[in-house]
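Asker: Spelled out, the chains give:
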Amino acid sequence: MQPPSYKVLLVDDEDAILENLRAFLERSGFQVFTAPNGHQALNAIRQSRPDVVIMDVLMPVLDGREALRQLRAEANWTPVILLTQIGESTERAMALEEGADDYLNKPFNPHELVARIKAVLRRARRDAPPLSAAWQLHAGELTLDRRGKRVHLGGQLLTLTPKAFALLEYLITHPDEIISRERLLDAVWGWEYPTGTRAVDTRIAELRAALGDDAADPDYIETLPGQGYRFLPEVRAAG
Amino acid sequence: MKITRYWPVLLPLALGLTAGLVLNLTQMSNPVLYLRADLGTVLFLAGLAFSTILSLILLVRRQLHQIEETITHEAAQDRRRFINLLDHELKNPLTAIMAGLANLSADQHSPALTSVETQVQRLSRLVADLRKLSDLETRPLELSRVDLAEMLQDLQQLARDRAGADRTIILSLPQAPWPLPEIITDRDLLFLAIHNVIDNAVKFTSPGDTIEIRASEDGRTITLEVADTGPGIPPEEVNQVWGELYRGQNARGIPGSGLGLALVQGILKRLDGRASIRSQTGKGTVISLNIPAGGVVTEQ
Numbered sequence: 001m002q003p004p005s006y007k008v009l010l011v012d013d014e015d016a017i018l019e020n021l022r023a024f025l026e027r028s029g030f031q032v033f034t035a036p037n038g039h040q041a042l043n044a045i046r047q048s049r050p051d052v053v054i055m056d057v058l059m060p061v062l063d064g065r066e067a068l069r070q071l072r073a074e075a076n077w078t079p080v081i082l083l084t085q086i087g088e089s090t091e092r093a094m095a096l097e098e099g100a101d102d103y104l105n106k107p108f109n110p111h112e113l114v115a116r117i118k119a120v121l122r123r124a125r126r127d128a129p130p131l132s133a134a135w136q137l138h139a140g141e142l143t144l145d146r147r148g149k150r151v152h153l154g155g156q157l158l159t160l161t162p163k164a165f166a167l168l169e170y171l172i173t174h175p176d177e178i179i180s181r182e183r184l185l186d187a188v189w190g191w192e193y194p195t196g197t198r199a200v201d202t203r204i205a206e207l208r209a210a211l212g213d214d215a216a217d218p219d220y221i222e223t224l225p226g227q228g229y230r231f232l233p234e235v236r237a238a239g
Numbered sequence: 001m002k003i004t005r006y007w008p009v010l011l012p013l014a015l016g017l018t019a020g021l022v023l024n025l026t027q028m029s030n031p032v033l034y035l036r037a038d039l040g041t042v043l044f045l046a047g048l049a050f051s052t053i054l055s056l057i058l059l060v061r062r063q064l065h066q067i068e069e070t071i072t073h074e075a076a077q078d079r080r081r082f083i084n085l086l087d088h089e090l091k092n093p094l095t096a097i098m099a100g101l102a103n104l105s106a107d108q109h110s111p112a113l114t115s116v117e118t119q120v121q122r123l124s125r126l127v128a129d130l131r132k133l134s135d136l137e138t139r140p141l142e143l144s145r146v147d148l149a150e151m152l153q154d155l156q157q158l159a160r161d162r163a164g165a166d167r168t169i170i171l172s173l174p175q176a177p178w179p180l181p182e183i184i185t186d187r188d189l190l191f192l193a194i195h196n197v198i199d200n201a202v203k204f205t206s207p208g209d210t211i212e213i214r215a216s217e218d219g220r221t222i223t224l225e226v227a228d229t230g231p232g233i234p235p236e237e238v239n240q241v242w243g244e245l246y247r248g249q250n251a252r253g254i255p256g257s258g259l260g261l262a263l264v265q266g267i268l269k270r271l272d273g274r275a276s277i278r279s280q281t282g283k284g285t286v287i288s289l290n291i292p293a294g295g296v297v298t299e300q
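Sequences listed follow chains A and B, in order. Start counting the first sequence at 1; every next residue gets the next number (the working numbering). Start counting the second sequence at 1; every next residue gets the next number (the working numbering).
Don't read these hints as lab results, they were simulated from the structure.
So the derived label-pair ranges between C-beta atoms look like this: (1) B:K269 x A:P60: 34 to 40 Å; (2) A:G155 x B:K269: 39 to 45 Å; (3) A:D15 x B:D161: 41 to 47 Å; (4) B:S216 x A:G226: 37 to 43 Å; (5) B:P8 x A:V61: 52 to 58 Å; (6) B:G258 x A:E26: 34 to 40 Å; (7) A:I178 x B:L141: 29 to 35 Å; (8) A:W135 x B:H65: 52 to 58 Å; (9) A:I178 x B:Q175: 41 to 47 Å; (10) A:W135 x B:G258: 40 to 46 Å.
Where is the CB? At the ideal position from N, CA and C, for every residue including glycine.
Just chain A, with the same shape it has in the complex (with noise of 0.2 Å):
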């Protein structure tokens, strides 16, 4: 057990995945609550103020993202995880330009779930708008216009595929994060690669070349052996 315990509210309109999950989450230290739809849920956030929502998207009477955009429009900035069920690109776009802090595909693995939770906790700053609510991001010398879908390191405009894109952004707004290969895939590949690392590998390399970034001796991306990856510098949100 974890003091003091954090308070997870759990919005799915399945009861067997509200039950499980409620269960594993409790075992893990935290204090839940569940909702079965959007509408619930918004109620419970005002009343109880959770730490954090884990989110369905697809829910009756009003589904995940519309209860999150209902959300974000108070000013209420409760750290929220999507779950996602499709596993089509749009819908993980879609997910963080709504101002969800994650994504997790279903089905998915209640450890990772764990690990997600834990990691948005680290980064949420209660009152503010998380990073993944930017349409701005400044990091060292580097500014990412998530809008214009656009990269400027040190004012010069760079050159990026949109997988390459799609990954500085994932890793851009979660700094200082070890994050795993295969969470990397199933984030922004949305797909369990058979080709596992080397597709992830193949796109820092081009990300790090775009950079300038020395990958022995990095300001940007760390490789941490046999963990994944690490965006280290700073990251500041602006609009």
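Following the hints, position chain B against chain A.
Answerer: What follows is chain B alone, placed relative to chain A:
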């Protein structure tokens, strides 16, 4: 059916028949006509008649072909819809099962539990493959310059890691007079397609067998072949291997979702290429992937 549109063709025939019957059955005058015509006119009329008949036949055949295509297309769409639905409907129960299992295995360890976990992982892989298959239709291509030789070397290494030392995995790449050209394609998709083909070869061969990965180009097409000395596929099954969820006789007892080659074919279609197979029972199998040397052309 659209074929009903051609019923009017029979109208003159019906009218003629009716008139003939009426003349024969009633007491109306039914004179015998002696038609006289020169050979030129007869030949011309015969030509006209044949042309009419022939054009009718062709028209009907084209119509039938179109109907057949529509049916095939609709069947493919139905299958895709079904697979999307399956993918969708499997995700929620699997999420609940995985959470439940995580709870159980925190309390106890038993062979039964381990076995269930393995089966759930298998199901998750199936769902992941189904997702890929449906994603493939809508996913925008991400085109970039790809060094095929380097990719094939990576794939050979991956296959060696997987197969261990007991299978010989040969890569043969053209060197003279020039090496394989770079192509513009979707790297991740092509990698996945070739990986699936090699993975299949690894799965269906036994220790001692040989797998050969080879590439060639003729200026217009790049041909990638994965050949193995495995058990081969019976002739009656060989063309079914591309079907979704198809599992051959030899596949019993070998883990797999039955979607690997369906994915390969889907990917090759998107990359303007073609996948084909040759196999002989007892000798082995060759799968060929043909991709345009100029890269993907049809994409927006």
